[in-house]
Amino acid sequence: MPMTTATTAKANTSAKFMRSHPAWMHWVRHPYFLRGTLVALILYALFLLPAPGAPAALADKLNLGVFTVLVLAWSALILADGDRPDWLQSIVAFGLVGVMGWLFYRYSGAHWDKLAAAFFDWGRLSGSWWLLLDGLKVTLLIGLISTFLSVLIGAAVGILRTLGSPTLNLFLTAYIDIFRSIPMAVLMVVIFFALPYMGISFGSIATTVVALSIGYGAYASESFRAGFEAIHYGQIEAARALGLSRWQCMRMIMLPQAIPVVIPSLTGILVSMLKDTAVASLVASPELLKRARELYTSKASPTPLVASALIYLVVIIPLTRLANLLEHRMKKVR
Amino acid sequence: MSDQTSPEIMIEVVDLHKRFKDLHVLKGISTTVKRSEVVAVMGPSGSGKSTFLRCLNRLEEPNSGHIYIEGVDILSPYIDINKLRTEMGMVFQSFNLFPHMTCIQNVMLAPMHVRKISRDEAYERGIKLLEKVGLAHKADAYPEQLSGGQQQRVAIARALAMQPQIMFFDEPTSALDPEMIGEVLDVMSTLAREGMTMVVVSHEMGFIRKAADRVLFLADGLLVEEGSPEEIFNNPQHARTKDFLSKIL
Amino acid sequence: MTQATIPTRVPSRLQDLREQAGRIPFIRRKEFTYGSLAGLAVFAVLFLPRTVPLTPAGMAVIALLVVGSIAWAAIFFSDELKPEWSKTLTAFALLILFGFLYYRYSTAQWSRMMTLFMNMEVIKVALPRLLEGLVITVKIAISSWVISTLLGLFLAVFRAFDNRVLNIFIIAYVDVFRAIPIMVLMVVIYFALPYVGLTLDAMTSAILALGLNSAAYVAEIFRGGIMSVKKGQIEAARALGLNTWQTMRLVLLPQAIRVVMPPLVGNYVASAKDTALASSISVIEMMKAALVEQAMLANPSPLIFCFVLYLLMFVPLTRLSSILEQRMKKSQRKANV
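First to last, the sequence lines map onto chains A, B and C.
Mapping of the first sequence onto the working numbering: position 111 corresponds to residue 111, and the numbering continues sequentially without gaps.
Mapping of the second sequence onto the working numbering: position 104 corresponds to residue 1104, and the numbering continues sequentially without gaps.
Mapping of the third sequence onto the working numbering: position 88 corresponds to residue 2088, and the numbering continues sequentially without gaps.
Warning: the hint list may mix true and false statements.
Stated by the list, open to error - For lysine to any residue, the following SDA-like pairs were computed, each having C-alpha atoms within a straight-line distance of at most 20 Å:
1. C:2082 <-> C:2128
2. B:1083 <-> C:2035
3. B:1083 <-> A:246
4. C:2082 <-> B:1082
5. A:61 <-> C:2200
6. C:2231 <-> C:2247
7. B:1247 <-> B:1171
8. C:2087 <-> A:159
9. C:2329 <-> C:2254
10. C:2329 <-> A:328
11. C:2329 <-> A:257
12. C:2329 <-> A:247
13. B:1247 <-> B:1224
14. B:1210 <-> B:1171
15. B:1083 <-> A:159
16. B:1247 <-> B:1205
Calculated from the structure, these hints are not laboratory results.
For reference, chain A alone in the conformation it holds in the complex (with noise of 0.2 Å):
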C-alpha cells in the first residue's frame, strides 16, 4: 500500500537524521544563548537606559517596555525551564523581583525621600486614633449584622427554592437576578436618596445595613442553592420512603448535608461584606474609610488612608487565609 510504505519511508529519513544529527537541546535553553544574553542586559541596562525619573518622551517609553519585557523574557526561559537546580532559580527570582523594583524606583518619578513624611506620619495622628478606632468598630458591626442578616436571607430563599414551585421560583429568581445584577453602591445610593421620596427612610447605617443584607443575600442563596444541590436526590427519596415529612427531611438530611458545603463561600461572603462597608462611605455612615478621609481632609496628611488601608489588611488578610482553608478543606472531604 503506498500509505505505509509513504510512512515507512518518512520514519526512516527521521531515524538517518536523528543519528546523524544527535538530539541537541534548544537553542533557547542552551547555557551559552543564557549567558550571552544575560551579558546583554546587564550591558543594555548600564548603558542605554534612559535617565532617572519619570520617562517623558515616547522614545524612553518604548526604551524601558523593551528592556522590561526582555528581563522577564529571559527569567522566564530560567524558571520555566525544570532541569535547572532550585538554587539558580531562586537567584533568578530575587534577580527579576529586584531589577523590577529598581526600575519602579528609579523611573515612577515618585518622591521616595518624602514617603515616610507622608504615608507613616504617625505623630500626626496622635490623639485620632480612637476617630479610626470608632470607625472599624461600626465597619465590624455593619459588616456582622449584615452577615447574619443575609445569610438568614439566603438560608429563607434557598428553602424555598426546594419546595420546586415554578411560580414562587420566578420571584426567587428575579430577586436574586436584580439583586446580584446591581452594584452595591448603586443599591445604597437608590436606597439613602430614591427611596425616601416613597415614604421609606433610613438612617446611613441602616441604609448601609439594609442594602448589604438585601444584595449578599442574594448570594447567600445561590451558595445554598449549591449546597442543597450537591446532595444526592435519593436521598431525599429514601428519606421521605421513610415517612419524614417535607419539612423534617429537610432539618434531618438536607440541611446537616447542605451545610459543610455552604459555610466556605459564606465565609467568602463576610470577607467581601467587609470589604463592601467601605461603600457606605458614600452615603455618610460614618465607618473606617469615612473616619479616614474626614481625617484626611481635617489634618492634610494621607496618613489615615494608609493607616486606614492597614487596618483593612489586618482585619481581612487572616479571614481571606480562613476562607480558603475552609475551602481547601471541603474538597479534600469530598
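On the provided structure of chain A, position chains B and C as indicated by the hints.
Same frame as chain A, now just chains B and C:
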C-alpha cells in the same frame, strides 16, 4: 372491587398510568399482590418497572388509575402520605444511606421522628435489626466505611425498622460488585421466608426462582406477562419475554 | 444469619389509616384552608382602618393581617399536593394584597409618584449627562479588564513556575489586593499618592485601582485553570513527544480555558459593577452623573433611571455567567462519573 377488604389481598393496582411530560411510561397496569407474596418485576430498561414500584408508595404521583393497599385507596387526597409510607419500606439501587449519620442513627431516625418512639426503644430495635442483617458490629460506622453490600444490608435494616407491612426493592443488587450480591439476597430470602410481602424489581434469576411466588414482566409500560417463575423462565409466551430472557440468560 | 428475635410482622396499621381517612393533618384539610381564608377576609373587612394616618391599633391590625396571610400562603405553598395553578394564584393574590396595603396606608404621595420617580421630562434633561456617564463607565470597565487580564495572566504564569522566592511575592500581591477594598485602594491612589509626587487623574486612578484589584482575582482564576489540568495529561503529551510550548498550546490551554471561562466572566462582571465606586473620587461615571442630576433637578428620576440602566446592562451578564457556571458544573459532574 374497590372497597374489598379481604385480608388476603395486600396491593391492588387498577389501570395505572404515568406520564413524564410527553413520555407515556406506564400505559395502564393492573395487578394484585397477596399477603406474604413475593412478586418479582422484570423487564428491559425503560419498561417502567422502577416507575411502577415508585408509584406504589407515591414517590411518583400516578396520572390516573387506582392503588388500594389493604383496600385503602392511597391516591385519595384524604390520605396522609407520610403515614402511608411508614407502612411500606423501600430499598434503593444506590442504597441512599444518609452519609452524615452512623448506621445505627440511620436505622433509628425514622422510628424516632416519625413513629415517635423513645430513643432507647429505637436503639434496641435498631441493634436487633442490624444483628438480623449481620452488621451489629458496624453500628457506629459511617456508611462510607462500609462496602456496598454492607450498605445495602443497613438500608434494608433501616426500612425494616419502621415495621412495614410491605417491602419494595428497587434493583437492590445492580449497583453491587458480584461478590456482594449474595449477602444481600440472603437477607431478602430470609425476609421472604418470614412471610413479608415483597415487590422486587430485580434480574437475579437465582433469587427469583428460589424466593419469588410470581413474576410480572413489563415492557413498554405494559404488563405483558405474569406467572410463576417456572412458567415465565421455562415457557415464556410473549415474544418480548422470550427476547428478553434470551438476552439475560 | 441469626434468626430474628423481634417480630417483623406486626398487626397491620393500615386499617387504622383507613379509619382515619380524612385525618390528614388539620392544616392540610380543605375546611381549614377555606375557613381560614374566609376568616382573614372577614377580619380585613371588619377591622382594617378607614383613615390614613395610622393609629397604633390600626398598625397592629395591618401587621396581623400581613403575618396571617403570609402564614396562610406558607401552609398553602408547602403542600406538595396542591396544584401549581392554585399556588400561582396565591402568590399573585399575596402580591396584590401587599401592594394594596402599601398603597392605601403608606404616607407616600401617590399623586406625585409618576412625577417623582418616572418623570420623563426630568429624565430627558438628564439623559445627555447620564449617557456621558455611561460612556465613562464602559471605558473604565474595559480598560480595567485589559489591565487585570494581562497582569493576572503574567502573575499566574510566573506562579506556575513554582519558584519559592517568586511565590512569596506573588502570593503577597494576591493577598493584599484581594483584601483591600477597592474603594480604599482608589482613595489611596487618588488622594495619597500625589504626596509622593505620583499624580494621577481621577479616571486613571479608578482604572488602576480596579485593574490591580481584579488582577489578583484573575491570577487566582488562571492558576486554578492551570492546576485543574491533571498531571497525567501533561505526562501523556510529553510522552507523545510534544515540547513544553506545544504541550501548553495544544493540551493545557484548551482544557484550562474551559475551567477558567465561567469565573473569569463572573470576575469581569464584578469589576464592571465596581466602576460605580469611582464616583467616590469624583469621576463622573453613570451613578455620579445620576446623583448630580438628582441634586440639581431635585427629583430622583435620574437615579431610578440609572438603576434601571444598570439592571439592563448587568442582568444579562449575570445570567450569562451563571449559565456558564452551571454548564461547567454539569460537565464536571459527568467527568467525575
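Run through the hints listed earlier and report the numbers of any the structure violates, in increasing order.
1, 2, 12 and 15
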